[in-house]
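2 protein chains.
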Amino acid sequence: MKLVVDLMGADLGVEEVVNGVCDSFEKTKLNFILVGPKENAQRIINKRNIDHSRIEFIDTNEFIENHDDPVRSLRRKKNASLVLGLEKLNEEGDGFLSTGSTGGLLAGGIFITKRLKNVKRATLATLVPTRSGSQTILVDSGAVVDTKPEMQEQFAVMGSVVAEKYLNKKNPKVYLVNIGAEEGKGDIRTKEVYQLLKNNPNINFCGNIEPRDFLTGKADVIVADGFSGNMMIKSTEGAASVLFSEIKTAVTSSFFSKIGALLLKKSLKKIKDKYDYKKVGAGIFLGLNKPLFKAHGSSDREAIKFAIYKAEELINSNINNTIEERL
Amino acid sequence: MKLVVDLMGADLGVEEVVNGVCDSFEKTKLNFILVGPKENAQRIINKRNIDHSRIEFIDTNEFIENHDDPVRSLRRKKNASLVLGLEKLNEEGDGFLSTGSTGGLLAGGIFITKRLKNVKRATLATLVPTRSGSQTILVDSGAVVDTKPEMQEQFAVMGSVVAEKYLNKKNPKVYLVNIGAEEGKGDIRTKEVYQLLKNNPNINFCGNIEPRDFLTGKADVIVADGFSGNMMIKSTEGAASVLFSEIKTAVTSSFFSKIGALLLKKSLKKIKDKYDYKKVGAGIFLGLNKPLFKAHGSSDREAIKFAIYKAEELINSNINNTIEERL
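Residue numbers (my numbering), protein chains in the order written: chain A, 665 to 991; chain B, 665 to 991.
Looking at chain A on its own, in the form it has when it is part of the complex (with noise of 0.2 Å):
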């Protein structure tokens, strides 16, 4: 099996992805094609005491920033790291890794790895941290904004077999997101949504969820038009961003705050890092004729070696058979 990997577009720099790489080959089986600077990518390389036949090179130096139009830089960045990637990965490869602008990736996958037959609309699986320090799948989290109802019913069964397969979570618990708990709340598109959702033997559907619940870890995939999932994760990230910015001017307000908020600081620091806002956006964009993963912009090493991982098991698992059968 080959991973593509996108060595363009990390915060902490290519070398960081292409240490994370060599580390990963203490477990992997996997074959890996690395798209960046070939020989920045080459020096690091060379010093590990790895099997080098098993990583072949695209040397590139352009790439997609987040700031770029996704879809006119694919026209107009021939050379993009993701442009040259995803063509490759149509070729040869088995997934995609990326570290870089989630827009850019959702455009690639569309225009260029292309849907799986049957797939009305690939989605966006966002890797949402919770208070119960599981994950939850957040399906769609934003690639969709005109979501039908048929389309949530396959984002749906695409999340749970994401649960499954890359969570490890045995018959996950979906729920839909609404603005109230009862069955027969919300607006017309919400409730056609439910309805097809109970009667859909492919999944556990367990009812509504409203958005307070989005971080509790009540559900394993949650469910949302790709409008609603997205204000659901800028509302999360701003009421975050907000409270922090509270708890530090606050904790300089005074003598005994700024002593405590010293003894506090560690335990701070990790609450703000589960919840990091440029953490959230960690995903799986489902439904292309190849798995895309996208990574945490921030990744160090050890997440990059962490992705590789469960994106291996993702692709060994076979998820885009499953997903045919379940549809």
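A hint or two may mislead.
Copies of the same chain look alike in the list, so a pair counts if it fits in one copy or across any two.
Below, in silico cross-link-like pairs of lysine to any residue (SDA-like), each with a Cα-Cα straight-line distance of 20 Å or less [what the hints assert, rightly or not]: (1) K812 / K849; (2) K922 / K934; (3) K922 / I935; (4) K812 / E856; (5) K691 / Y973; (6) K862 / F721.
By construction, these hints were calculated from the structure, which means they are not laboratory data.
Dock chain B against the given chain A, drawing on the hints supplied.
Chain B only, in chain A's frame:
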């Protein structure tokens, strides 16, 4: 002018509301119709050195509770304080103030108070505390779930009038909540709303705002469809509640963090109170023949007094005339 005040359903009990009304006599010129247990209320009022002739009563012990189905209760609980109060409002009141069930108030507004001519849908404008210290008006925050673009345009106009008359903001900054900041972002409905707002001469439209900025105080008025608006409030509540619960766990994790927490307790409590979810939900139900004011369920007498002063300002400002002119 006469304000009808619902004495029932307040977390702190009837007495607290009655005391708030009595305290307001310091400054208010309003007369009052109090709806609730007359004997209780009379006992408190008799002890106060105020002009008793300015207070009338409607005696009842029944009320619509938070867990009641709002529409059904309107029909079944004929003697509920909300029902009797809103009927009285139709006859001779100028405004209605309640700390009780929001759902009940919305249903009562629609079926008893009824819509102003030319208003497509009445809307709940919620006052949201922000980082900057000022309040932002979210409109609609959950009263209308299947929102059409023309309805949202009206919400924007009504919200802007409230920002002017109730929060005393000049030329209030109106934003449309969306999943991207640039024009052209979002789903079909939101793009349509954008154009309507952009071309409306009666508001100061400033473009899209992302939910990340919900609590920053950037906007005076945030326009949303009721589904998204409610999602945003509930996501924010959820994030705040999870973060405070994480902090609570974290601070008991070591001896030093326990000491730190003791020293910080006051500051954290202050922040928690500022964004307490029980307190979000204060608002004004707009686009009806008379304005309905929803005070926080947890309001104390001071908050009730303040709510009365603000209601008086709005009643005196003839808000409905302004709304009719600008729609």
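Item to check | Hint numbers not upheld by this structure, sorted from lowest to highest | outcome: The structure conflicts with hint 6 only, although it agrees with all the remaining ones.
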